[in-house]
Amino acid sequence: MNSLKSFVTGFFVWGILGGISAQDKVLSFSMPDGAGTLRLGVIENNSSRWLDEKQTQLHIDCQPLSNTKGFILEIENKREDITLGWAFGGCDAIAPESGIQPQYCKDNVFNIEGTQVTIYHGKVMQLRVTNLIVPSASSIRLSDGHKQDTPLTLLTSGKKTDAPVLAATCLIRKGEKVYFCAYKQNAKADYADYMLPELFYQEKQQP
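According to UniProt numbering, the sequence shown holds residues 1 to 207 in order.
Check the hints yourself; a few may be wrong.
To be verified - The list that follows gives simulated cross-link-like pairs (lysine-lysine, DSSO-like), each with its CA atoms no further than 30 angstroms apart:
1. Lys147 with Lys184
2. Lys54 with Lys188
3. Lys147 with Lys25
4. Lys54 with Lys174
5. Lys106 with Lys69
6. Lys204 with Lys184
7. Lys25 with Lys188
8. Lys123 with Lys54
9. Lys25 with Lys69
10. Lys174 with Lys204
11. Lys25 with Lys106
12. Lys160 with Lys177
13. Lys69 with Lys204
14. Lys177 with Lys147
Note that these hints are calculated values from the structure, not bench results.
Please model the complete structure; the sequences and the hints are all you need to start from.
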């Protein structure tokens with residue numbers, strides 16, 4: 001196992017091995033350098049909740065990327081149709097976080113073009129960029145990172161905030177797979193949504 005794969009995998013399972021209870025440990029996925037965290041939840045009618053690490057509604061598999069800092073996530077729905085609620089933000093963190101912390105959202109600017117999201121973060125003279133690819137069925141809005149009690153609370157929180165995050169809903173049909181990919185773009189890592197199934201397969205084969 002290469003060092004990046006070992007580091008990222010180790011971070012994702014830390015909460016389980018550390019003995020933290022499922023109801024207290026939200027399921028989240030962070031960039032290896034802390035430049036963004038993805039949270040996942042489910043929405044049903046007027047109720048919603050964030051998924052924890054022992055959830056069984058969805059089959060979720062995360063793999064680190066070989067050619068850059070980042071990860072790719074495959075989510076498979078083996079049950080009935082489900083509405084996923086997801087959030088991404090906290091790009092000013094300097095290390096992986098177990099959630100999206102509002103203090104790391106202040107200077108985050110999001111540019112959305114279809115399934116491609118570019119996040120500009122950091123101070124003007126130290127600007128950094130993180131790229132995110134999301135499922136095409138996502139309905140995305142800018143939301144308030146201070147209001148993350150549930151996916152619906154975040155989704156309806158409004159965009160007037162000093163802690164902007166992205167919040168979205170995404171319908172996943174029974175038997176469907178969807179993908180997320182967060183990464184730092186370089187000459188060997190310049191992805192589009194149609195590339196993600198093959199990219200996930202390739203990364204999963206890495207030792």
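A quick look at each hint next to the structure:
1. Lys147 with Lys184: holds, 27 angstroms
2. Lys54 with Lys188: Distance of about 34 angstroms is beyond 30 angstroms: violated.
3. Lys147 with Lys25: This hinted pair holds, its Cα atoms lying about 18 angstroms apart.
4. Lys54 with Lys174: Judged against 30 angstroms, a Cα distance of about 20 angstroms means the pair holds.
5. Lys106 with Lys69: Measuring from Cα to Cα gives roughly 22 angstroms; hence the hint holds.
6. Lys204 with Lys184: At roughly 19 angstroms apart (the allowed maximum being 30 angstroms), Lys184 and Lys204 satisfy the hint.
7. Lys25 with Lys188: Since the Cα atoms of Lys25 and Lys188 sit roughly 34 angstroms apart, the hinted pair is violated (cutoff 30 angstroms).
8. Lys123 with Lys54: Roughly 37 angstroms between the alpha carbons, so the hint for Lys123 and Lys54 is violated.
9. Lys25 with Lys69: Satisfied, since the Cα-Cα distance of roughly 24 angstroms is no more than 30 angstroms.
10. Lys174 with Lys204: Holds - the C-alpha atoms of Lys204 and Lys174 are around 23 angstroms apart, at most 30 angstroms.
11. Lys25 with Lys106: holds, 24 angstroms
12. Lys160 with Lys177: violated, 33 angstroms
13. Lys69 with Lys204: holds, 16 angstroms
14. Lys177 with Lys147: Measuring from Cα to Cα gives roughly 29 angstroms; hence the hint holds.
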